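Participant: For the protein sequence lines, the chains are F and P, in the order given. Here the working numbering is used: the first residue of the first sequence is 101, the next is one more, and so on. Here the working numbering is used: the first residue of the second sequence is 101, the next is one more, and so on.
Everything labelled a hint here was simulated from the structure, so no lab data went into it. Source: prediction; values computed, not measured. Mixed in with the good hints, there may be bad ones.
All copies of an identical chain are treated as equivalent in the list; a pair is satisfied when it fits inside any one copy or across any two copies.
Stated by the list, open to error - Straight-line Cα separation of at most 35 Å, DSBU-like style, residue types lysine-lysine; simulated pairs:
{"hint": "1", "residue 1": "Lys392", "residue 2": "Lys189"}
{"hint": "2", "residue 1": "Lys189", "residue 2": "Lys377"}
{"hint": "3", "residue 1": "Lys177", "residue 2": "Lys377"}
{"hint": "4", "residue 1": "Lys318", "residue 2": "Lys189"}
{"hint": "5", "residue 1": "Lys200", "residue 2": "Lys226"}
{"hint": "6", "residue 1": "Lys162", "residue 2": "Lys318"}
{"hint": "7", "residue 1": "Lys229", "residue 2": "Lys392"}
{"hint": "8", "residue 1": "Lys318", "residue 2": "Lys377"}
{"hint": "9", "residue 1": "Lys226", "residue 2": "Lys102"}
{"hint": "10", "residue 1": "Lys122", "residue 2": "Lys162"}
{"hint": "11", "residue 1": "Lys177", "residue 2": "Lys226"}
There are 2 protein chains.
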Amino acid sequence: MKEVTAGVDIGGTNTVFGLVDKTGDVIVEGNLITTDYPEIHDFTRALGSALRSMLKSNPDLKLIGTGIGAPNANYHKGTIELAPNLAWKGIVPLADLVKKEIDVPVVVTNDANAAAMGEMIFGGAKGMKEFIVLTLGTGLGSGIVINGQMVYGHTGHAGELGHTTIVPGGRVCGCGRRGCYETYASASGLVRTVLEMLSELRDPSVLRDIPPSQLTSKRIAEAAAEKDPIAVKAMDFTAEKIAFGIINAIAFSSPEAVFLFGGLAQAGEALFEPVRKYVDSMVMPIFRGTVKILPSNVPESNAAVLGAAALAWNEFGS
Amino acid sequence: MKEVTAGVDIGGTNTVFGLVDKTGDVIVEGNLITTDYPEIHDFTRALGSALRSMLKSNPDLKLIGTGIGAPNANYHKGTIELAPNLAWKGIVPLADLVKKEIDVPVVVTNDANAAAMGEMIFGGAKGMKEFIVLTLGTGLGSGIVINGQMVYGHTGHAGELGHTTIVPGGRVCGCGRRGCYETYASASGLVRTVLEMLSELRDPSVLRDIPPSQLTSKRIAEAAAEKDPIAVKAMDFTAEKIAFGIINAIAFSSPEAVFLFGGLAQAGEALFEPVRKYVDSMVMPIFRGTVKILPSNVPESNAAVLGAAALAWNEFGS
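Only chain F is shown next, with the shape it has when bound in the complex:
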């Protein structure tokens, strides 16, 4: 029997999952199921049934635990709490419900923590005890590892770097406050920066021909690669803001590395090079040169499943 864990990533629209061995190979990939069940019990029943059938078709595999990445997850309680983008309202006892379906230990965390766990167990943070993963998507998620352990905090909700204030009185954030890190340092933050620059500056730009609702970080990165002046300035401004938050995080926990992950990180060296430059020039002298700024080393296509599975390996593996 080969031991595996199940990695489950609950997204706003779809849920993906797979069975993953100790080395990070996805041994069996599940067919995605919709997240959009109005009733949580119907969702967990569908997930349980899919997992059981995968195990039945692969009798040589032994499931030792399940890890789940989900929005607004509380690690301590195994719950999803007040998730604005999911159909299930209030506090959902997800770990308990999944455990009823498939009788192995279940652990739950948010997707950024799962990404950090994936990096630690299967990716570029192997052997590191101090690092931070920033997921630069629509928002900015963060997973923080200190002394070799994920930081969940007293409430289970630690690691909300996206909602540290980097510009007092700055851009309005979805959390109801202003100037949060993620309103600048994320794919949507980059789009907002382009719109701001289109209003303030007179430079010509191909981005002036795209309706704001269709503007994406990918399109902006492409324009920057073609030396579009607004796109270039917006990328540089965004890199500075990303660096700014990294510098504050360094003063807090002095990590060995910061991994950038997600849509915006796809811009590659065009983003990493200026981020490194700004970190180096703005960081407190005592920390200069002590932190590596790296791309994630977990395959993007399977990252969510691998992160959730890594969480279970870390918790239940021998």
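Since chain F is already given, all that's left is putting chain P on it; use the hints.
Facilitator: Just chain P, lined up with the frame of chain F:
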């Protein structure tokens, strides 16, 4: 034989020390020695000699380890590194030198980490696994405990919250950068705020009669207690800035409590009440009401020695 640890606090001018039992009683208080030995070996010899003579006079005590709080201390290496306010230049192998004098294990950290350890072992953080201590003195030091462990980071220099940027482009800091937390949230930050308000506002104030070089946070707190309008506004502004940094720290590590310690915290409820109010109104909703803002519960008079001794108890105690 009663087991004790030695707690040693190396200040810019004087070094204080004592022998401390497991319950936090200072069993023998040392006579302070000057820190101002131009040669580090002369200093460690004087300290060693003082410790040996205390033990000789108290043959019923068994020393199990020594903890040292010192500026710019590196926990991982047992060194003091590039301390601007000490006579010893470069990298000083303090732990090794002290171990040569008095043959027990030696552990070194900075004074804010020692204060946090004192709080955890002997003070108000007993039983807590997630808390932060802010020392509001001339600067702002911080000691961070996560998962029950002190955060030293990859470099050994983690916990520099005083040098997170809270006002981009703000006040000049001793670290060479601008807008650091400690330029606002500290005793000297409060003095700077008063000077700024004396220039900007036209309110009458007793503080206009004091030369800026003689203005202290204590005098400002007294004036605030007497409803001096500038002092009252400066205290409120400072409380808001203290709260601002706390809120960012909460998003990072979601602590159970934040302890305020040091000169500025002596202002008592006049400071704590507005800090709590600002934290509550500005913190991310998910963390509202989850964090206690508390005064230190380690006796101020012995805090430095107790913190250093606690460090040794935590490391070497059974």
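Participant: Should Lys122 paired with Lys162 be assigned to within, between, both, or neither, using CA atoms and 35 Å as the limit?
Facilitator: within (12 Å within a copy, 48 Å between copies)
Participant: At most 35 Å between C-alpha atoms: does Lys177 with Lys377 qualify within a copy, between copies, both, or neither?
Facilitator: The answer is between: 28 Å across copies meets 35 Å, while 41 Å in one copy does not.
Participant: Between Lys162 and Lys318, at a C-alpha cutoff of 35 Å, which is it: within one copy, between copies, both, or neither?
Facilitator: neither (41 Å within a copy, 66 Å between copies)
Participant: With identical chains, the pair Lys200 and Lys226 could be close in the same copy or across copies; at 35 Å between alpha carbons, which is it: within, between, both, or neither?
Facilitator: The answer is within: 33 Å in one copy meets 35 Å, while 37 Å across copies does not.
Participant: Pop the pair Lys318 and Lys189 into one bin, within, between, both or neither, using alpha-carbon distances up to 35 Å.
Facilitator: Only inside one copy: Lys318 and Lys189 sit 33 Å apart there, 50 Å across copies, limit 35 Å.
Participant: Please sort Lys226 with Lys102 into within, between, both or neither, judging by C-alpha distance up to 35 Å.
Facilitator: So Lys226 and Lys102 pass the 35 Å test inside one copy only (22 Å; across, 44 Å).
Participant: Within, between, both or neither: how does the pair Lys392, Lys189 come out at a Cα-Cα threshold of 35 Å?
Facilitator: The answer is between: 28 Å across copies meets 35 Å, while 40 Å in one copy does not.
Participant: Could you place Lys177 and Lys226 in one of the four classes (within, between, both, neither) given a Cα distance threshold of 35 Å?
Facilitator: So Lys177 and Lys226 pass the 35 Å test inside a copy (27 Å) and across (23 Å) alike.
Participant: What label fits Lys229 with Lys392 when the C-alpha limit is 35 Å: within, between, both, or neither?
Facilitator: both (14 Å within a copy, 29 Å between copies)
Participant: What label fits Lys318 with Lys377 when the C-alpha limit is 35 Å: within, between, both, or neither?
Facilitator: within (22 Å within a copy, 42 Å between copies)
Participant: As a check of your reading, is Lys189 near Lys377 (CA-CA no more than 35 Å) within one copy, between copies, both or neither?
Facilitator: between (44 Å within a copy, 30 Å between copies)
Violation of the numbered hints given earlier is confined to hint 6; every other hint is satisfied by the structure.
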